[in-house]
Amino acid sequence: MADGEDRPYVPPNHYGLGLPGLVSLEDRHRPTPPRRIGPAGEQRGIDGELIGFGEELRSEGMAVGTSELLDAFRALAHIDWTDPQEFREALAATIAKSPEDRRVFDLVFDRFFFRAAEAQAVRLEINEPGSRLDGEANDLEELRRQIAQALQEAGDSEIRDLARLAIAAFGTGQGSGVLGVDVQRIRRALGLRSEPQADLPADDPRRHGLPRDQLRKFEQQLRRELERSEIERTSELPAKRPLSDLDRNLPGGPVQDLAQVHKVVAQLKRRLATQGHELRGHARHAHVDVRATMRASLQTGGVPVELKFRPVRPRRPEIFVLCDVSTSVTSASTFFLSVLHALHDAFAKMRSFVFIERISEVTDVLARERDFRAAAAAIAADAGVADISGYTDYGRVWSEFKQLIEDELHPRATVIVLGDARTNGRPPREDLFAEIAAKAGRTFWLNPEPHLYWNYGDSVISAYAQYCEAFECWTTGHLEEFVKALTRPGVR
Amino acid sequence: MPTEPASVAEVLEGLREVGYLPGESTALVSFLAAKLGKPVLVEGPAGVGKTELAKALAKLLERRLVRLQCYEGLDEAKALYEWNYRKQLLRIQAGAGGQDGWSDLQDDIFGEEFLLSRPLLEAIASPEPVVLLIDEIDKTDQEFEAMLLELLSDFQISIPELGRIDATTHPVVLLTSNNSRELTEALKRRCLYLWLDYPEAEHELAIVRMHTPDLPETVARKLVEVIGMVRSLDIKKPPSIAESIDWARALLLLGAADIDQAVFRDTMSVIIKHRTDLDIVADRVGVKLASPAPSPA
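Respectively, the protein sequence lines represent chains A and B.
In this text, residue positions in the first sequence follow our numbering: the first is 1, and each later residue adds one.
In this text, residue positions in the second sequence follow our numbering: the first is 1, and each later residue adds one.
A hint or two may mislead.
Derived BS3-like pairs (lysine-lysine); straight-line CA-CA distance at most 30 Å [what the hints assert, rightly or not]:
id	chain 1	residue 1	chain 2	residue 2
1	B	Lys237	B	Lys288
2	A	Lys308	B	Lys139
3	A	Lys217	B	Lys222
4	B	Lys78	A	Lys308
5	A	Lys484	B	Lys236
What follows is a list of derived Cβ distance ranges for each label pair [unchecked claim]:
id	chain 1	residue 1	chain 2	residue 2	range
6	A	Asp407	B	Leu116	16 to 22 Å
7	A	Glu481	B	Glu52	47 to 53 Å
8	B	Tyr71	A	Arg58	16 to 22 Å
9	B	Thr276	A	Asp407	16 to 22 Å
10	A	Phe73	B	Glu52	50 to 56 Å
11	A	Gly301	B	Ser269	31 to 37 Å
12	A	Pro411	B	Val18	55 to 61 Å
13	B	Thr276	A	Glu158	31 to 37 Å
14	A	Phe73	B	Tyr71	36 to 42 Å
15	A	Glu481	B	Leu162	22 to 28 Å
What the hints contain is simulated information worked out from the structure, not anything from laboratory work.
Just so we're clear, the structure is a prediction, and the values are computed from it rather than from any experiment.
Each residue gets a CB set at the ideal place from its N, CA and C atoms; glycine is no exception.
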């Protein structure tokens, strides 16, 4: 298509929405574009757009089946789909089937329909009316206060107007070209912060801090408006940016969010309880419960019509956890310690160790301290990890660990190592690790580094990975993956 | 006579009237459920009104509510149908002296007369349309979920001895889950999805005000604020809407004019249900409240 050469970034399926209602979803102020049929192949109607939307969701890893799309179409037939809110909710109810999916859905929805509307605007050469900023805005301090005041109570569409106002006042002429930088610069220029600013006058709305989610919405709108003006200036859509893992995860990052970790581990506990049944063949191990069978037979006049079986107890593995608390994993070790702490609640038989250069057992500390922070402090204070250089010595750790628990390892035990496998140039001694892994039933390695960094620098994870199942683990999502693996029946 | 809503706004209004304040998506999904005849999977933390929604829908649509409470080990006999052994035995014994042939007898004792219907069969076979609530589906095993699939997609149940029983009327089905276990894709695929979360402060205030209209507005507002603070802490069981309402009622009974430290300390146990949580909340939230006004001598 000749058109594709002018705007190389836009895949043809993002052209032409041809639906006034949807365009106004992005912009109520813009006059409804006249319905014009573009060159053949550009106009694909709402059904084509929806299928394109489904494909985009799939490319972000959501399982969107044909049946879901069919449901979406059927749902749209029943609602007033020029109402943006209803349109979005109806699609979400039929397509996104978990809170995580819903999050991805919202992000992709915004991106997809923003781009679709913009592509249409570019094609029809519609421009935003000039900014409504008048002479009064010379008083920038006054404007700052007005925006802060409005942010306290504004609804979504007002926030969008505010964002445009702010860009008109602070954002023109000095753009850095990077959206994120510009957004932060404007926010700073406005003096908007969520924490209280005591040095401001008493009647200033910013004095007590602004609501955090309002601020976030404002930043989102700023970003979007900047993007929009960029598109208008260059008349082409920038390359589509896939969602990063950071986008997908909740703001704040679950690594810091201990409550989130505890929730995942609470799920783990439930899963172990229910999925345990699948771990073992029912029929092979079922034992007839004679007492219960006799009791049931009374119903049928003493004839044991129905056999009662003893409940199958799920397998509860014995767990040994080794957790790296050295400086190279400082940020991750809080996360790991909290996992360790939470695991302790979930398993009856579990022994925990922390290590840096040497190893130290902390089972008692974790059993004693109910509060995670207290436990972390106690471990830092008196775990007795010989911390001379602060660098991990995996070789030494393996030999000490082996000495400590060699006799207790058996094929039903599970060993979990939490660490980044960075040896600081010391010998990794994978032979010792292999012996431990051979004695234990299953061995897992959780690495707090993204897969990308494995085996770079002094990371020797591949040396260990051949003896165990290694997982990357830096979000609660990864943790859930691991939980699934842990509750899966073992190979041995 | 069962009614059918014509628009989302009507559902929203109707649910309000029967005493349930829905969020926008709740009303929309309920409307779609009634229109499309698809089951709805409602997920969310405990106590945000998942079960209440089913009850309110039943009231709104003027249908009977059939409820199946799920638990670990729930099986077909408890959920679908069961043969009435005792009655069958009696029938066999009563016919022992007679001239019934074996095939007559067999046809007879596996007839509908000897079938004990359990909630799912009851919902399907009911001559009037019903609202079927399958509560806490995540508590059951995956086998049970698989068994539900036939029911949820085609609204029919196969009984080997009797054949297939088709739904005479179309039930509105709600499944609730606390998300304690990942449900299978196959089940999710057949359902509309609704995620109910703790409501926004304003919405929760409206709910509390509706259930305790006599509580002074200032107290209600303060209550919602405090509940929000408590939820943001890392505690074992964050207070749900049900607990907000209980607390509001308790405050109303006590005639509290404000929530200060003393009142909070005395009534905290209404919203916090764990020993360790009590300490955390007393430490973090209690101190932020105003200390009690000196009582007049």
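Going straight from one Cα to the other, do lysine 217/A and lysine 222/B come out at no more than 30 Å? Given that 30 Å is the threshold and the Cα spacing comes to 25 Å, the pair holds.
Hey, lysine 484/A versus lysine 236/B, does the alpha-carbon distance stay inside 30 Å? 23 Å, holds
Starting from the range 16 to 22 Å, see whether the pair tyrosine 71/B and arginine 58/A falls in it by beta-carbon distance. Since the Cβ atoms of tyrosine 71/B and arginine 58/A sit about 36 Å apart, the hinted range of 16 to 22 Å is violated.
Using the Cβ atoms, figure out if glutamate 481/A sits within 47 to 53 Å of glutamate 52/B. 34 Å, violated
Satisfaction of the hinted span 31 to 37 Å by the C-beta atoms belonging to glycine 301/A and serine 269/B: 52 Å, violated
Verify the proposed pairing of lysine 237/B with lysine 288/B, using a straight-line Cα cut of 30 Å. Holds, at roughly 21 Å.
Supplied distance hint 50 to 56 Å, evaluated on CB atoms of phenylalanine 73/A and glutamate 52/B: Between phenylalanine 73/A and glutamate 52/B, where Cβ atoms are some 31 Å apart, the hint is violated.
Is it true that the C-beta distance of aspartate 407/A to leucine 116/B lies inside 16 to 22 Å, as the hint says? 57 Å, violated
Falls inside 31 to 37 Å, the C-beta gap from threonine 276/B to glutamate 158/A? With Cβ atoms ~43 Å apart, the hint is violated.
Starting from lysine 78/B, check that the Cα of lysine 308/A is at most 30 Å away, please. Roughly 15 Å between the alpha carbons, so the hint for lysine 78/B and lysine 308/A holds.
Do the beta carbons of proline 411/A and valine 18/B sit within 55 to 61 Å of each other? Between proline 411/A and valine 18/B, where Cβ atoms are some 59 Å apart, the hint holds.
Hint check for tyrosine 71/B and phenylalanine 73/A - Cβ pair distance inside 36 to 42 Å: 37 Å, holds
In the structure shown, a violation is registered for the earlier hints numbered 6, 7, 8, 9, 10, 11, 13 and 15, in ascending order.
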